[in-house]
Amino acid sequence: MRLFDLADLPVRDLNQLLHNLTPETNDTRWRIVNPEGEHNIAVGVDANINIEIDGHAGYFCGGMNKLARISISGNAGQGVGENMMSGAIHVQGDASQSAGATGRGGLLVIEGNASARCGISMKGIDIVVKGEVGHLSAFMGQSGRLVVFGDAGEALGDSLYEAHLYVRGNVASLGADCVEKELRDEHRAELHTLLEQAGEAGKVDVSSFRRYGSARALYNFHVDNAGAY
Amino acid sequence: MTESHFPQTPPRFSSTFDPYTVAEIQRAAATGIYDIRGGGTKRRVPNFDDLLFLGASMSRYPLEGYREKCSTDVVLGTRFAKKPIHLKIPVTIAGMSFGSLSANAKEALGRGATLAGTSTTTGDGGMTPEERGQSQTLVYQYLPSRYGMNPDDLRKADAIEIVIGQGAKPGGGGMLLGQKISDRVAQMRNLPKGIDQRSACRHPDWTGADDLEIKILELREITDWQTPIYLKVGASRPYYDVALAVKAGADVVVLDGMQGGTAATQDVFIEHVGIPLLSAIRSAVQALQDLGMHRKVQLIVSGGIRTGADVAKALALGADAVAIGTGALIALGDNDPKWEAEYKALGSTAGAYDDWHEGRDPAGITTQNPALEARLDPVLAGRRLANYLSVLTLEAQTLARACGKSHVHNLEPEDLVALTIEAAAMARVPLAGTDWIPGQRF
Ligand SMILES: Cc1cc2nc3c(=O)[nH]c(=O)nc-3n(C[C@H](O)[C@H](O)[C@H](O)COP(=O)(O)O)c2cc1C
Numbered sequence: 001m002r003l004f005d006l007a008d009l010p011v012r013d014l015n016q017l018l019h020n021l022t023p024e025t026n027d028t029r030w031r032i033v034n035p036e037g038e039h040n041i042a043v044g045v046d047a048n049i050n051i052e053i054d055g056h057a058g059y060f061c062g063g064m065n066k067l068a069r070i071s072i073s074g075n076a077g078q079g080v081g082e083n084m085m086s087g088a089i090h091v092q093g094d095a096s097q098s099a100g101a102t103g104r105g106g107l108l109v110i111e112g113n114a115s116a117r118c119g120i121s122m123k124g125i126d127i128v129v130k131g132e133v134g135h136l137s138a139f140m141g142q143s144g145r146l147v148v149f150g151d152a153g154e155a156l157g158d159s160l161y162e163a164h165l166y167v168r169g170n171v172a173s174l175g176a177d178c179v180e181k182e183l184r185d186e187h188r189a190e191l192h193t194l195l196e197q198a199g200e201a202g203k204v205d206v207s208s209f210r211r212y213g214s215a216r217a218l219y220n221f222h223v224d225n226a227g228a229y
Numbered sequence: 230m231t232e233s234h235f236p237q238t239p240p241r242f243s244s245t246f247d248p249y250t251v252a253e254i255q256r257a258a259a260t261g262i263y264d265i266r267g268g269g270t271k272r273r274v275p276n277f278d279d280l281l282f283l284g285a286s287m288s289r290y291p292l293e294g295y296r297e298k299c300s301t302d303v304v305l306g307t308r309f310a311k312k313p314i315h316l317k318i319p320v321t322i323a324g325m326s327f328g329s330l331s332a333n334a335k336e337a338l339g340r341g342a343t344l345a346g347t348s349t350t351t352g353d354g355g356m357t358p359e360e361r362g363q364s365q366t367l368v369y370q371y372l373p374s375r376y377g378m379n380p381d382d383l384r385k386a387d388a389i390e391i392v393i394g395q396g397a398k399p400g401g402g403g404m405l406l407g408q409k410i411s412d413r414v415a416q417m418r419n420l421p422k423g424i425d426q427r428s429a430c431r432h433p434d435w436t437g438a439d440d441l442e443i444k445i446l447e448l449r450e451i452t453d454w455q456t457p458i459y460l461k462v463g464a465s466r467p468y469y470d471v472a473l474a475v476k477a478g479a480d481v482v483v484l485d486g487m488q489g490g491t492a493a494t495q496d497v498f499i500e501h502v503g504i505p506l507l508s509a510i511r512s513a514v515q516a517l518q519d520l521g522m523h524r525k526v527q528l529i530v531s532g533g534i535r536t537g538a539d540v541a542k543a544l545a546l547g548a549d550a551v552a553i554g555t556g557a558l559i560a561l562g563d564n565d566p567k568w569e570a571e572y573k574a575l576g577s578t579a580g581a582y583d584d585w586h587e588g589r590d591p592a593g594i595t596t597q598n599p600a601l602e603a604r605l606d607p608v609l610a611g612r613r614l615a616n617y618l619s620v621l622t623l624e625a626q627t628l629a630r631a632c633g634k635s636h637v638h639n640l641e642p643e644d645l646v647a648l649t650i651e652a653a654a655m656a657r658v659p660l661a662g663t664d665w666i667p668g669q670r671f
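Protein sequences appear in the order of chains D and E. Using the numbering used here, read the first sequence as starting at 1 and increasing by one per residue. Using the numbering used here, read the second sequence as starting at 230 and increasing by one per residue.
Hints are computed from structural coordinates only; laboratory data are not their basis. In this text the structure is predicted, and so the values were computed from the model without any measurement. Watch out, some of these pointers could steer you wrong.
[What the hints assert, rightly or not] Okay, derived cross-link-like pairs now, DSS-like style, lysine-lysine, Cα gap no bigger than 25 angstroms in a straight line:
1) Lys-525/E / Lys-317/E
2) Lys-312/E / Lys-525/E
3) Lys-181/D / Lys-422/E
4) Lys-311/E / Lys-476/E
5) Lys-130/D / Lys-181/D
6) Lys-66/D / Lys-385/E
[Said to hold, decoys possible] Taking CB as the label site, the calculated pair distances span:
7) Gly-150/D / Gly-400/E: 32 to 42 angstroms
8) Asp-13/D / Glu-571/E: 22 to 32 angstroms
9) Lys-311/E / Met-1/D: 28 to 38 angstroms
10) Lys-181/D / Thr-578/E: 18 to 28 angstroms
11) Gly-37/D / Lys-298/E: 23 to 33 angstroms
12) Ala-7/D / Thr-436/E: 26 to 36 angstroms
13) Leu-17/D / Glu-293/E: 36 to 46 angstroms
14) Asp-13/D / Thr-536/E: 45 to 55 angstroms
15) Val-179/D / Thr-260/E: 26 to 36 angstroms
[Said to hold, decoys possible] Residues of chain E clear of chain D, computed beta-carbon distances all greater than 12 angstroms:
16) Asp-247
17) Tyr-249
18) Phe-282
19) Met-287
20) Arg-375
21) Tyr-376
22) Gly-377
23) Pro-380
24) Arg-384
25) Asp-519
26) His-523
27) Ile-559
28) Tyr-617
29) Gln-669
Idealized CB from N, CA, C, for every residue including glycine.
Please model the entire structure based on the sequences and the hints provided.
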């Protein structure tokens with residue numbers, strides 16, 4: 001276990017150490033203490049390691065992550081796991097806006113609530129939020145899955161492409177071109193696998209979710225839809 | 230008796246409802262949709278043609294052409310980056326996406342830029358191996374859509390350009406119409422084939438200059454502070470935008486005037502939003518000077534740069550380098566008269582063809598159609614671009630020598646006068662033959 005104390009050394013030193021890791025590294029367990037809301041903790045990591053962050057993280061924690069499994073014991077600031085490629089990020093507390101923005105792969109689990117624009121422009125990432133998500137979540141979501149145990153704010157899935165959205169609570173409103181769709185067996189199976197990965201298997205009934213997706217009516221510009229844009 | 234023969238007046242067109250305006254109303258009424266097109270501003274706006282160099286005579290000493298050296302090298306990104314960019318010439322290739330341009334066109338841009346010793350830039354759609362392979366110096370754009378964005382390409386880039394806006398459409402997003410979405414373009418953008426691909430106008434994970442400061446730090450952390458970070462803005466409020474760019478921590482500011490080209494934007498946006506480059510440079514430079522950052526944060530300007538005279542004038546107003554888009558495409562072979570029959574068939578003519586969004590470009594540049602794309606030989610087209618870049622540089626050097634400068638960066642506003650009152654006010658140089666700079670407070 002490598003211990004890194006952000007009270008003693010700057011984020012720059014931490015990130016450089018993490019970037020210097022080779023695929024054969026034996027330093028596969030890291031514990032980061034005293035994060036105190038510092039920004040850009042463990043960004044751009046490309047190594048099959050575990051990182052525990054003991055406290056609250058600021059903006060963009062785990063940004064562009066590849067392979068690493070990062071766990072944050074507190075809250076996460078704006079853009080946690082933005083553009084992540086693979087690996088996993090687990091936030092024990094709440095997450096600020098744009099969690100998992102443009103993420104391409106991997107799994108982001110948020111135990112608490114996520115603020116506005118959760119999963120904005122998502123491109124393949126899977127996001128599981130056990131609390132609520134704020135407005136404009138999954139805006140322009142292209143692919144990947146967003147699973148919300150609680151409620152979703154206004155304009156869920158606005159201008160949605162092919163991302164799959166599952167919400168168990170209430171949806172304040174759906175954004176342009178986002179519609180409710182039938183939850184079929186294949187979707188239950190998809191949800192089951194996803195919840196298993198998130199460590200939630202068997203804890204919630206997959207049939208209690210509603211499914212939302214793109215109506216695909218705005219996929220090609222048509223003048224009669226001008227009012228929807 | 231009345232005269233049997235009255236003098237005839239020719240039909241008179243309204244200057245308000247001129248023939249183009251009439252045709253546009255008719256087109257709008259028939260289709261119900263605004264006009265989308267490529268290219269930049271088509272109407273005349275004040276530009277560099279309205280400025281003149283004074284040249285040396287008794288009170289200034291010229292340099293000898295062909296013998297006395299006039300250097301043109303540029304270093305970009307000296308503020309924070311460990312590896313600044315070194316270019317041989319002060320002309321760079323602007324960001325144009327793979328998707329809007331064919332893979333051959335992107336490769337040709339890389340080849341031409343590399344031959345000339347300058348950089349080329351990716352665009353909205355990610356980095357292709359062809360352009361990385363052929364570009365010695367490649368700037369990687371970081372756009373709101375984040376199409377194709379990944380940390381591996383980020384680390385392969387020689388510089389990163391965060392795009393806030395473009396001169397053609399400050400405040401606007403992007404649109405690549407479905408007909409240009411080939412399998413490859415779709416795959417790079419993680420979207421189904423054949424559907425319109427919209428690019429948002431705001432970044433997904435930050436708002437405002439304070440957030441941007443943290444975003445820039447994130448990109449620096451990911452690239453271990455090696456790579457220069459540029460910030461591109463469309464010219465609208467250049468003084469404040471440049472000041473905020475400096476505050477947010479940019480190494481280089483790219484300022485794109487309203488004439489700047491685009492792959493596909495509403496005509497009303499291209500023609501009516503933003504300010505001409507001529508009117509933007511001095512405010513941008515003023516912001517840098519007020520912060521003590523002129524030449525420390527470098528300024529690249531673009532939007533309607535065509536000739537070495539334009540290059541020299543932009544530098545004289547305080548820019549460190551210029552970027553070209555449309556000019557580079559023309560050099561590759563865009564709007565070549567040899568395709569005239571096909572331009573006619575598309576309802577256009579060589580020199581005016583601007584339906585770059587449709588993907589039917591006879592010259593094989595703004596298309597993803599394999600048969601059309603195959604018409605563009607990337608090696609030959611790259612050579613043509615290198616020739617053009619060489620001419621731009623030679624012309625700029627000629628003018629700099631005439632003003633007695635041993636480096637193009639030594640050109641200064643003092644070397645310029647304006648032909649019109651508008652240009653004098655915008656460029657803050659005197660009207661020719663006078664010492665009058667309109668708007669200057671003494
Ligand atoms: C075909 C085409 C595609 C473009 N794509 C992008 C883009 O992806 N990102 C961007 O920031 N600017 C883009 N631009 C704008 C250019 O980067 C640049 O600002 C502009 O072309 C400069 O003006 P000029 O064409 O008059 O030289 C594009 C321009 C053209 C002509």
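Taking only the CA atoms, is the gap from Lys-312/E to Lys-525/E under or equal to 25 angstroms?
Holds, because 15 angstroms separates the two Cα atoms, which is no more than 25 angstroms.
According to the definition I'm using, a residue is off the interface if its beta carbon is farther than 12 angstroms from all beta carbons of the partner; does Gln-669/E meet that for chain D?
Non-interface label stands for Gln-669/E: nearest chain D Cβ at 43 angstroms, farther than 12 angstroms.
Beyond 12 angstroms from every Cβ of chain D: is that where the Cβ of Ile-559/E lies?
Holds, because the least Cβ-Cβ distance between Ile-559/E and chain D comes to about 28 angstroms, which exceeds 12 angstroms.
Pair hint Lys-130/D and Lys-181/D, alpha-carbon separation not exceeding 25 angstroms:
It holds: about 21 angstroms lies between the C-alpha atoms, which stays within 25 angstroms.
Starting from the range 45 to 55 angstroms, see whether the pair Asp-13/D and Thr-536/E falls in it by beta-carbon distance.
holds (50 angstroms)
Non-interface label on Arg-384/E, tested against every C-beta of chain D at 12 angstroms
Answer for Arg-384/E: violated, closest chain D Cβ roughly 8 angstroms.
Whether the CB-CB distance between Lys-181/D and Thr-578/E falls inside 18 to 28 angstroms:
violated (49 angstroms)
Does Lys-385/E sit within 25 angstroms of Lys-66/D, going by the straight-line distance between their CA atoms?
With Cα atoms ~16 angstroms apart, Lys-66/D and Lys-385/E stay inside 25 angstroms; holds.
Does Phe-282/E sit more than 12 angstroms from chain D, CB to CB?
Holds, because the least Cβ-Cβ distance between Phe-282/E and chain D comes to about 47 angstroms, which exceeds 12 angstroms.
Non-interface claim for Asp-247/E, where every Cβ of chain D lies beyond 12 angstroms:
holds (26 angstroms)
Was Met-287/E rightly flagged as not at the interface, with every chain D Cβ beyond 12 angstroms?
holds (56 angstroms)
Quick one, are Lys-525/E and Lys-317/E close enough, alpha carbons at most 25 angstroms?
Since the Cα atoms of Lys-525/E and Lys-317/E sit roughly 18 angstroms apart, the hinted pair holds (cutoff 25 angstroms).
When the structure is compared with the earlier hints, violations turn up for hints 8, 10, 11, 13, 20, 21, 22, 23, 24 and for no others.
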